[in-house]
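Go ahead and model the full structure; you've got the sequences and the hints to work with.
These protein sequence lines are chains C and X, in that order. The first sequence begins at 1 in this note's numbering and counts up by one. The second sequence begins at 1 in this note's numbering and counts up by one.
I should point out that these hints are in silico values taken from the structure, not numbers from a laboratory. Mixed in with the good hints there might be a few duds.
[Unchecked claim] Computed, partial: chain C to chain X, Cβ under 7 Å:
(1) 2
(2) 7
(3) 121
(4) 311
(5) 314
(6) 315
(7) 316
(8) 317
(9) 318
(10) 319
(11) 395
[Said to hold, decoys possible] Just a sample of chain X residues kept apart from chain C, beta carbon distances all over 10 Å, derived:
(12) 12
(13) 17
(14) 41
(15) 63
(16) 65
(17) 137
(18) 173
(19) 185
This structure is a prediction, so every number in the text was calculated from the model and none was measured. Backbone N, C-alpha and C fix where the C-beta goes; we use that ideal spot for every residue, glycine too.
Take a look at the letters that make up each chain.
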Amino acid sequence: MRVADVAGFAWASLKGTRTRTLLMVLAMAIGVAAVVILTSLGDGARQYVVAQFSSLGTHLVIVFPGKTETGGGFANTLVGRSPRDLTIDDALAVSRSRYVTHVAPLSVGSALLSFGRRSREVPVLGSTAALLEVRKMALAQGSFLPPGDARNAVPVCVLGWKVREELFGASPALGQSVRIGDRRFRVIGILATQGQSLGFNTDEFVVIPVASAQQLFNSFSLLRILVEAKGREMVEKARADVIEIIKSRHEGEEDVTVVTQDAVLATFDRILRTLTLAVAGIAAISLAVAGILIMNVMLISVSQRTREIGLLKALGAAPGQIRNLFFAEAAMLSLIGAIAGLLLGEAGSLLISRVYPALPAGAPLWAVAAALGTALVTGIGFSVMPARRAARLDPVASLARR
Amino acid sequence: MISLAGLERIFQVGDQQVRALRDINLEIAAGEYLSIMGPSGSGKSTLLNVIGLLDRASRGLYRLDGRDVTALSDEEQAQVRREKIGFIFQFFHLVPRLTALENVELPMVLAGIAATERRSRAGNLLQNYGLANRAHHRPDQLSGGQRQRVAIARATVMKPAVLLADEPTGNLDRTSGTEVVEILEHLHEQGVTLLVVTHDPALGNRAHRRLRMVDGAIESDTQTA
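Spelled out as structure tokens, the structure:
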């Protein structure tokens, strides 16, 4: 039997039971669409997070004070020494490394910000001019922290977009004097609105020079030092160099943790990929259900078409041919369902990207391929039993049925 | 052409064994016109089904064209059916969703013959049987006689050597029945071996050789010259 004839025969028999075929296609389509939409959501979330990290600069090296090591605490307690603080001088030393372009020390605290009679509690970031470059922030108005010696406590501040809005409303903020804690600062710049960035909403905080922040919070330790390597390939060298520099400054003791942005990024990427896979797996259950539906319908079809099968046998159809006819029918059902599901899924993804423009929705190619593959495999897989049953029918008994 | 020796067909019904065919010994030469008659349950349809390879004998030997076909696999038997045997049924057994033409094409589809050749062969045959203007009708738009003629066209389109008809006129009025018998006899004149199972003595007595079966055995085998 020719392939085209097998397909034609299957198609004709599908057309013969229109309602049933449509329902089957719908079931399959829903399964495929679920996989496509859910994976595109999951992958969208992953891309979103990765993009957020990348916006911080992919060749970022972050230095934390303290070293996390198993059992390492014992020696320290014996000697009675806690890890040294990171200081502005450490940051300045690091900035002299050959592999480094920008270094931004970071100290963070919370303080009451007030202007006139309005005030609110805001996160305050103490840093240097380099922060703008390292964190890829943009200014809406004015200028960022002035370059110069990081040890100078200049009384200037840069406001986040939302902070400005709440404090000043429509009136101009640049050049105004605000009070942070018990000190006065002049507003020299406004950050452009950036939205959420890994829990840190740049719209909601205030940036002041790191020395000012240390005075304000009365602490000389830094939360961390952000280091930007000269290039992506320099990241590892920069990391080693940073450790070396800090070590030499800390009496040969490696008491800092240095993390590269790439490593963090890779971890998040991995976690979210796994999550997407899990979600896709759950969606695939609906495909399996559709497969069982196909099996059910095929079984009904076999018993309804017993006479036809008997006749085909009498006309010289081999058992293999009968089996192929039913396979072709199931494959066709699955394929049409899968294509309908893909269209439905793409439409759904499009809708999501309209509603949440931030999410880069769109099913990855592997998910589309997997959905199609699973649909076909379940469709054909679940029709093995009905097709075999059809092929084994006794022609005499089948023909005798009225 | 057809040679049966010591053929038995035993059905298991519950815990009882029913011997539908008992020790059948039969030689049918090529080009014979043979009728099988007998009461219901006498085994005549079973005999026809065994000869048509739709059913397997429980015991005994069946040679078709000198070849032992009892031992063939299902796939091989299907091929023999396709190439050498044509079936005609009492209830026509046309596929309801296919047109008359497509029904006639069906055996050629199974044999893998190209579409254009199928079309012309099926079309010609329908024309021979006076159904040219009915080719694109579905079975439910055809009369009983027309349906049976479509079925005969389907049975003969592969030019089989043996034509097996099980009560071919059983479901037809007299006029259509006569038409159908004339077509079958015309095919026999062209050299086809024709086996007809029937209740109807008027039909059965037209055959040159008549078998009478009772309780699964051949009771009489009469021949007219």
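Inset, instruction - Find the hints from earlier in the document that the structure breaks and name them by number, from lowest to highest. - result: 2, 3
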